[in-house]
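A.B. asks: From first to last, the protein sequence lines stand for chains A and B.
Taken in order, the first sequence gives residues 1 to 452; the numbers are from the working numbering.
Taken in order, the second sequence gives residues 1 to 452; the numbers are from the working numbering.
Because the hints were derived from the structure by calculation, they are not lab data.
Among the clues, some could well be false.
Cross-link-like lysine to any residue pairs, in silico, SDA-like; alpha carbons within 20 angstroms at most [to be verified]:
(1) 173(A) - 205(A)
(2) 83(A) - 83(B)
(3) 203(B) - 241(B)
(4) 407(B) - 111(A)
(5) 387(A) - 272(B)
Listed next, the stretches of chain B that the computed footprint assigns to chain A, with coverage defined by at least 3 CB atoms under 8 angstroms from CB atoms of chain A [what the hints assert, rightly or not]:
(6) 113 to 122
(7) 397 to 405
These figures come from a predicted structure and were not determined experimentally.
Think of the CB as a built atom: it goes at the ideal place given N, C-alpha and C, for glycine as much as any other residue.
There are 2 protein chains.
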Amino acid sequence: MPITESEVTTKRIKPRLPRGMRDFLPGEMLKREYVFNIVRDVFHLYGFEPLQTPVLELSETLMGKYGDEAESLMYGAYHKGSKDKDKLLLRYDLTVPLARVVAQHYNDIALPFKRYHIAPVWRGEKPQRGRYREFYQCDADIVGIPDMVADAEIVSLVVTILRRLNFPQFRVKINNRKLLTAIGQYSGLENGQLSDLYRSVDKFDKVGADGVGEELYNRGIDKDVIGRMMPLLQAHQPGLENLDHLEASLGHLEVAQEGLRELRELVTYIEAAGIPSEYYEFDFTMVRGLGYYTGPIFETVIIDTDYGSISGGGRYDNLIGLFRGESLPTTGASLGIERIIDLMDELDLYPAHINNTVVDVLVTVFGDETRHEAVKLTAELREAGIKTELYMQDRNLRRQLTYANRKGIPFVVILGTDEIEQGIVTLKQFNNGDEMKIARDELADTIHARLT
Amino acid sequence: MPITESEVTTKRIKPRLPRGMRDFLPGEMLKREYVFNIVRDVFHLYGFEPLQTPVLELSETLMGKYGDEAESLMYGAYHKGSKDKDKLLLRYDLTVPLARVVAQHYNDIALPFKRYHIAPVWRGEKPQRGRYREFYQCDADIVGIPDMVADAEIVSLVVTILRRLNFPQFRVKINNRKLLTAIGQYSGLENGQLSDLYRSVDKFDKVGADGVGEELYNRGIDKDVIGRMMPLLQAHQPGLENLDHLEASLGHLEVAQEGLRELRELVTYIEAAGIPSEYYEFDFTMVRGLGYYTGPIFETVIIDTDYGSISGGGRYDNLIGLFRGESLPTTGASLGIERIIDLMDELDLYPAHINNTVVDVLVTVFGDETRHEAVKLTAELREAGIKTELYMQDRNLRRQLTYANRKGIPFVVILGTDEIEQGIVTLKQFNNGDEMKIARDELADTIHARLT
Numbered sequence: 001m002p003i004t005e006s007e008v009t010t011k012r013i014k015p016r017l018p019r020g021m022r023d024f025l026p027g028e029m030l031k032r033e034y035v036f037n038i039v040r041d042v043f044h045l046y047g048f049e050p051l052q053t054p055v056l057e058l059s060e061t062l063m064g065k066y067g068d069e070a071e072s073l074m075y076g077a078y079h080k081g082s083k084d085k086d087k088l089l090l091r092y093d094l095t096v097p098l099a100r101v102v103a104q105h106y107n108d109i110a111l112p113f114k115r116y117h118i119a120p121v122w123r124g125e126k127p128q129r130g131r132y133r134e135f136y137q138c139d140a141d142i143v144g145i146p147d148m149v150a151d152a153e154i155v156s157l158v159v160t161i162l163r164r165l166n167f168p169q170f171r172v173k174i175n176n177r178k179l180l181t182a183i184g185q186y187s188g189l190e191n192g193q194l195s196d197l198y199r200s201v202d203k204f205d206k207v208g209a210d211g212v213g214e215e216l217y218n219r220g221i222d223k224d225v226i227g228r229m230m231p232l233l234q235a236h237q238p239g240l241e242n243l244d245h246l247e248a249s250l251g252h253l254e255v256a257q258e259g260l261r262e263l264r265e266l267v268t269y270i271e272a273a274g275i276p277s278e279y280y281e282f283d284f285t286m287v288r289g290l291g292y293y294t295g296p297i298f299e300t301v302i303i304d305t306d307y308g309s310i311s312g313g314g315r316y317d318n319l320i321g322l323f324r325g326e327s328l329p330t331t332g333a334s335l336g337i338e339r340i341i342d343l344m345d346e347l348d349l350y351p352a353h354i355n356n357t358v359v360d361v362l363v364t365v366f367g368d369e370t371r372h373e374a375v376k377l378t379a380e381l382r383e384a385g386i387k388t389e390l391y392m393q394d395r396n397l398r399r400q401l402t403y404a405n406r407k408g409i410p411f412v413v414i415l416g417t418d419e420i421e422q423g424i425v426t427l428k429q430f431n432n433g434d435e436m437k438i439a440r441d442e443l444a445d446t447i448h449a450r451l452t
Numbered sequence: 001m002p003i004t005e006s007e008v009t010t011k012r013i014k015p016r017l018p019r020g021m022r023d024f025l026p027g028e029m030l031k032r033e034y035v036f037n038i039v040r041d042v043f044h045l046y047g048f049e050p051l052q053t054p055v056l057e058l059s060e061t062l063m064g065k066y067g068d069e070a071e072s073l074m075y076g077a078y079h080k081g082s083k084d085k086d087k088l089l090l091r092y093d094l095t096v097p098l099a100r101v102v103a104q105h106y107n108d109i110a111l112p113f114k115r116y117h118i119a120p121v122w123r124g125e126k127p128q129r130g131r132y133r134e135f136y137q138c139d140a141d142i143v144g145i146p147d148m149v150a151d152a153e154i155v156s157l158v159v160t161i162l163r164r165l166n167f168p169q170f171r172v173k174i175n176n177r178k179l180l181t182a183i184g185q186y187s188g189l190e191n192g193q194l195s196d197l198y199r200s201v202d203k204f205d206k207v208g209a210d211g212v213g214e215e216l217y218n219r220g221i222d223k224d225v226i227g228r229m230m231p232l233l234q235a236h237q238p239g240l241e242n243l244d245h246l247e248a249s250l251g252h253l254e255v256a257q258e259g260l261r262e263l264r265e266l267v268t269y270i271e272a273a274g275i276p277s278e279y280y281e282f283d284f285t286m287v288r289g290l291g292y293y294t295g296p297i298f299e300t301v302i303i304d305t306d307y308g309s310i311s312g313g314g315r316y317d318n319l320i321g322l323f324r325g326e327s328l329p330t331t332g333a334s335l336g337i338e339r340i341i342d343l344m345d346e347l348d349l350y351p352a353h354i355n356n357t358v359v360d361v362l363v364t365v366f367g368d369e370t371r372h373e374a375v376k377l378t379a380e381l382r383e384a385g386i387k388t389e390l391y392m393q394d395r396n397l398r399r400q401l402t403y404a405n406r407k408g409i410p411f412v413v414i415l416g417t418d419e420i421e422q423g424i425v426t427l428k429q430f431n432n433g434d435e436m437k438i439a440r441d442e443l444a445d446t447i448h449a450r451l452t
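Just chain A, with the same shape it has in the complex:
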């Protein structure tokens, strides 16, 4: 049944969005795509291949992987025809879906499986500036390689992306879960208290050493234990010396030896890949919140700001095992792409040529007399690969020029009755004010030459 005019005036629905969700109008979209395209190009340069999974996953796939707090933030979904409203969830990240995919399609995947995934995820957090309930994640992971050469690829990938996006001083903080375990053992922490250690130390940047110490104490950890732990966590010497410093205290512990060997190897590969040392450092207070990490962990921050981390990741050798029944070594990183996009604006990192529109040329129209010829010219320009908009209203030239200028279209082609008669057009270029009459068959070449 067609919608009638009377319905339009009587049934009005207020147009609005669910809380914490966003529309992206074209101007914003073009900026987002500038960022996504650079990220995608670097993923390809490093040999990562695209993967896509559905937005909806079975509850059993996601539950029990992220911890209780995360589970309370998830979105459930259900088919209207189904009685069971608890069977489906919107994905919460891209890592657990990867683990499911690898186990499910194990025979169709060649190892190592280097995949990237750029897609939205959903978390019902309290909306606030820079925090949304639907937001994009950009992940790259390497499945099947236990060697540190894979972790080095991940660190090098993140550094390359941020450099290509023109980020100024940033640094990848590197730690190893094995060293945290060793620091715990050395200090006399009981085995069951390791997750308390992670959770408290995770707040180092926010509450400082005293705050972390207090929290550990409140979690029932002995003052002596905390006293032994703190100097090691805060060790902060340049480069590999920081590892030597830890080794002096922890070298007798097997798990420490392994953790130190891994980080030393990791750094030799990062160096071989030509990543300048200003872009990474060891930081033993960096623990990453998530439970599934088993080896080296990474987190990237913009130096001397409080923007928080813009990328995180690490090695998680057991997650895929939950779906496969057998562990499979995996390492990867996730870019905080929404924060990166926000920072691109704040730090003014977009190049000048980023436009508000995809359109190169507007073709003018002056009433029915010229409209068919304008349609024809528009088709000619498009055929020549020029992104062309045909003006579709009846307005005077000034209005049409204003429209193009406001929208940021760089060229206007004026095609009046005079021009049609003479087989020419008037080409106007906004950025330098040039205006010239040229033969119609030279138009496409002229625009091409001036666009590049």
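Given chain A, put chain B in place with the hints provided.
C.D. replies: Quick look at chain B alone, frame taken from chain A:
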């Protein structure tokens, strides 16, 4: 808390997907992206700009727009912390979200608003071959132009996309809801029966003229009325003659005059845009299921197949009004992109150069002696813009070559201890069997030259 080895072996979760949902592994993704990139390029060529809206919409936004059957197919969603499980829906198409966006952001949008939107939608239909519960739509619409020049842009856009994708014989069927109304009036149909007419005639391709006649009769429409209607619906003369034929019967009805004028204008613009006449025809049995169309409607089929339609659209001047309280002329088309992707395979339309991998070059590794040098060479190639994968396991050369060949990587760079000493590499090209030793500083240029 870290996932332990014992959890991996005891807690195994069967990896599987919700019904009707799909993973896309890299090989498939690269094909899908080939299609999406062509579609996106043509959208840009025509001056359409990208828009993105959230997956979740408020129920009030979507309900009452698609009809009861559609509403029973929708997916509900809810925040785990919320008691109300009926407030949110996953989007069902991209058209109603567009209408909401235009009304909501009316002051931030310049009219005409030409937007495209490529994104998944959810419909809980019975899964079957070629029908999925999560699938992509590709829409392009023009908001703000009542003139047929806009509808002609849409038809021309669809034809251009399908030609660029190499689709063989296809045809855009064109009709006008106003002519259907006129045929109803002429035949003596009561006003309230118009939606019965749409619903029955929509099945013309499936059940034929007799089937449609029978269904109309079963819906309580008089045999005489059906008898007057059928010859007009089935009028099938070449080009504009088909309109002349209808005019002879319907010319006295105002709504017919308007519908005929619109289609005649539409065709003059399609012709001016240089679209060959083999690509479109009038078909008065084509009605489009959805209720919101008000003027010209389009549907594209592959000729002489039963693949069904691969694109549909039309003018819907009142839909935005439901959110805005005032009508806003709008026309557009949706590509049946999943069916198009399936057909690309069936009709063998992908170009030969489509690869299973993004990777151009594999750099080999032979143990710890060569690994650091291989990491360095990999970084050099990437710096030169070559998509490079570093081999990350310890295997013999044959295994590494087999890996590259199976994956479809066109080049392998062999870097053994001999090569490192001499400052050279061995470059192997799979498609012609070439194998050559070259200086390392000439490697990137050589690969670039052979890639294009």
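A.B. asks: Tell me, which hint numbers fail for this structure?
C.D. replies: The structure breaks hints 3 and 7; every other hint is satisfied.
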